[in-house]
Amino acid sequence: MSNLLQPHEVDWYEASARERAAGLLDPKSFTEFLGPEQRAMSPHLARFNLTGAFDDGIVVGRGHLDGQEVFVAAQEGRFLGGAFGEVHGAKLVGLLRAARDGAETGVPRAVLLMLDTGGVRLQEANAGELAISEVIRAIVEVRSASVPVLALVGGRAGAFGGGGIITACCSRIVVSEHARVSVSGPEVIETNKGVEEFDSKDRALVWRVCGARTRYLTGGADRYVKGRIQDFREAAIALIPHAPPFELGTLKAEQRRLAERLQRFGDCRDALEIWRKAGLPEPERIAEIADDAFLAIQRPKGADHDAR
Amino acid sequence: MMLDEVLASLFPSGHTLERGLSGTVHGTAKVEGQGDVTVIGIAGGTPLSVDGAMLLAGHVLAAVEAGGRAPIVVLVDTSSQNMARRDELLGLNEYLAHLAKSLLLAAVHGHRTVSVLFGHAAAGAFIATALSSQSLVALPGAEPSVMDLPSISRVTKLPLENLKELAKSTPIFAPGVEPLFATGAVAETWTADQPFAPRLAALLRRPVPTSDLRDRTGLERKGRLLAQKIAERVAAEAAAHA
Amino acid sequence: MEQFQVRGTAKARAGGDRHQAITGVNASGNLEVLVERMLPEHECLVDVTTAVTGFRAIWEAVLQEFFERSSPGGLRFSINDGGARPDTVILRLMQSARLMETEG
Numbered sequence: 001m002s003n004l005l006q007p008h009e010v011d012w013y014e015a016s017a018r019e020r021a022a023g024l025l026d027p028k029s030f031t032e033f034l035g036p037e038q039r040a041m042s043p044h045l046a047r048f049n050l051t052g053a054f055d056d057g058i059v060v061g062r063g064h065l066d067g068q069e070v071f072v073a074a075q076e077g078r079f080l081g082g083a084f085g086e087v088h089g090a091k092l093v094g095l096l097r098a099a100r101d102g103a104e105t106g107v108p109r110a111v112l113l114m115l116d117t118g119g120v121r122l123q124e125a126n127a128g129e130l131a132i133s134e135v136i137r138a139i140v141e142v143r144s145a146s147v148p149v150l151a152l153v154g155g156r157a158g159a160f161g162g163g164g165i166i167t168a169c170c171s172r173i174v175v176s177e178h179a180r181v182s183v184s185g186p187e188v189i190e191t192n193k194g195v196e197e198f199d200s201k202d203r204a205l206v207w208r209v210c211g212a213r214t215r216y217l218t219g220g221a222d223r224y225v226k227g228r229i230q231d232f233r234e235a236a237i238a239l240i241p242h243a244p245p246f247e248l249g250t251l252k253a254e255q256r257r258l259a260e261r262l263q264r265f266g267d268c269r270d271a272l273e274i275w276r277k278a279g280l281p282e283p284e285r286i287a288e289i290a291d292d293a294f295l296a297i298q299r300p301k302g303a304d305h306d307a308r
Numbered sequence: 001m002m003l004d005e006v007l008a009s010l011f012p013s014g015h016t017l018e019r020g021l022s023g024t025v026h027g028t029a030k031v032e033g034q035g036d037v038t039v040i041g042i043a044g045g046t047p048l049s050v051d052g053a054m055l056l057a058g059h060v061l062a063a064v065e066a067g068g069r070a071p072i073v074v075l076v077d078t079s080s081q082n083m084a085r086r087d088e089l090l091g092l093n094e095y096l097a098h099l100a101k102s103l104l105l106a107a108v109h110g111h112r113t114v115s116v117l118f119g120h121a122a123a124g125a126f127i128a129t130a131l132s133s134q135s136l137v138a139l140p141g142a143e144p145s146v147m148d149l150p151s152i153s154r155v156t157k158l159p160l161e162n163l164k165e166l167a168k169s170t171p172i173f174a175p176g177v178e179p180l181f182a183t184g185a186v187a188e189t190w191t192a193d194q195p196f197a198p199r200l201a202a203l204l205r206r207p208v209p210t211s212d213l214r215d216r217t218g219l220e221r222k223g224r225l226l227a228q229k230i231a232e233r234v235a236a237e238a239a240a241h242a
Numbered sequence: 001m002e003q004f005q006v007r008g009t010a011k012a013r014a015g016g017d018r019h020q021a022i023t024g025v026n027a028s029g030n031l032e033v034l035v036e037r038m039l040p041e042h043e044c045l046v047d048v049t050t051a052v053t054g055f056r057a058i059w060e061a062v063l064q065e066f067f068e069r070s071s072p073g074g075l076r077f078s079i080n081d082g083g084a085r086p087d088t089v090i091l092r093l094m095q096s097a098r099l100m101e102t103e104g
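Residue numbers (the numbering used here), protein chains in the order written: chain A, 1 to 308; chain G, 1 to 242; chain V, 1 to 104.
Quick caveat, the hints were computed from the structure, so don't treat them as lab data. Be a bit skeptical, because a hint or two may be false.
As the list claims (entries may be wrong) - Covered by chain G, per the in silico footprint, the following chain A stretches (three or more residues, Cβ under 8 Å): (1) 94 to 105; (2) 110 to 116; (3) 155 to 164.
Just so it is clear, the structure is predicted and the values come from calculations on it, not from any experiment. C-beta: ideal position from N, C-alpha, C; glycine also.
Please put together the full structure from these sequences, using the hints given.
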């Protein structure tokens, strides 16, 4: 049981959102905003005969990370797939706006988004979609105030749909092996385009297309970590001082690297082809080797960048 | 509405729009009181792909680099994001985010951004285009959505008839201009009885809000009764702990 | 959907000094339990919200047994149920009561 381990030793994948938030931060430094006892819940779920969550599936608050004041948000991927609803999204928007407004006083030093989401909560589709757009705008405002926003992805829902787009709006992205980052889900692609285009039941294929190792090797993520909360914490501490600024130069560099990726790999059908073209050793084994062996691989040229 | 009709009504004084690859369009147009505005867009109901997103972002960044504060008008008749293995493999999330960030950067640099939705826009394509501009205008024929009702029915396992009935009592999930107006996404809806050019000119003359007011608008229009209040409560707690 | 409250008496005050705790998650076969220390020492109650209707009598029996066994005096438990079985319900309630004895 997880209560035998120190909070930061717990496996990220197995941990609840609240455990991730508290475990990532310095011990006993986490303060939650609008906690579950406030019962800020969704007013829409009852219409669909669904019960809710006291925190509407997202934990937001502040704490210390290696002594520095940070804001954190953690989505509960097991509640309705961690999807964005009206209240859920608004909690994140409020946190980001507070970060923007506090920036000139130096608080917070960074915002950490522990994303674990299937995207928009369909029962509240318009509110969810709008919240995602408001989050994106707020992230840009926070980054424009020189406060880094980090995406940490490693839970069972991954970062899908608008969650995948939010991920790539962040200054830095950390993933662990379980993470999938994508826009359309595999099932949706299969339903729309057929099983030849995407066999959603082929787990190995899913991870080759949108899993953490592919993202990391193509520059779609900045750090690949092992699965403990401690590993995410160390990556966050290391990345905060190296967040790219939100400015024209950064986006022009991103335009160049994304264009180059299309040029080099635009005709690839599978990650295996990308890894072969990139000259990586033993491409067929990359998906199955242990994390230590994977981390020893040198990333292809262009994957290590600060153009986000 | 068809693209040519939209262009004729929006830019009667002329435009240089050309069609590019992946359903994109690009050029400049004259708007009264603004001089030349940059126009980009995606037309023909073309899904937004990694390639399309790159082209559009490139035009936006070029406008930012050119300097000045000329408005950017985004014409939208797309579909959803391109649903293809290739696009996801290549990191579609990064390409769509890049387009969204480019539009937001343009606004930061003083370019007024206005999306004119005259066809479809759904899901990730909606987020990266229409929802990433400061104002979203819906023309006749606009069909914004997160997901169509039959698909929502399939995923939520609620019968389509029940969903349609539910949609009458709340704008919180159904597709269409009305619910997206009520929830604050759509700023204005323009009807065919009034020419669009003067309306665009008037919109561009109004001072641009310095912050995102869509949740406030959603509250005023009673479409999103909680979003703004919840955001404010969280922000207030964050400030109180400072 | 059903929402109901089950009240009980407890022989003793629930141990610990913590004011509130939360455990579990509202997912299929699971439940979320928020516990708050806010009642007189020998009273306890459970607020249940569940989408699985028609089992109120079973909930009452399960909860009265929990009150008897764990004596959670002073505690209010609030449940968002995802269709959990009785043994899972008891487990979560006991977990939440135990959490109230840990450092807040």
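Go check the segment 110 to 116 of chain A versus chain G for me, would you? Three or more residues, Cβ under 8 Å, otherwise it fails. Violated - the segment 110 to 116 of chain A has 0 residues with a Cβ nearer than 8 Å to chain G, which falls short of three.
Is the coverage entry for the segment 94 to 105 of chain A by chain G consistent with the three-residue Cβ rule at 8 Å? holds (count 8)
Apply the coverage criterion to the segment 155 to 164 of chain A and chain G: a residue qualifies when its Cβ sits closer than 8 Å to a Cβ of the chain, and three qualifying residues are needed. holds (count 4)
Hint compliance for this structure: hint 2 is the single one not met.
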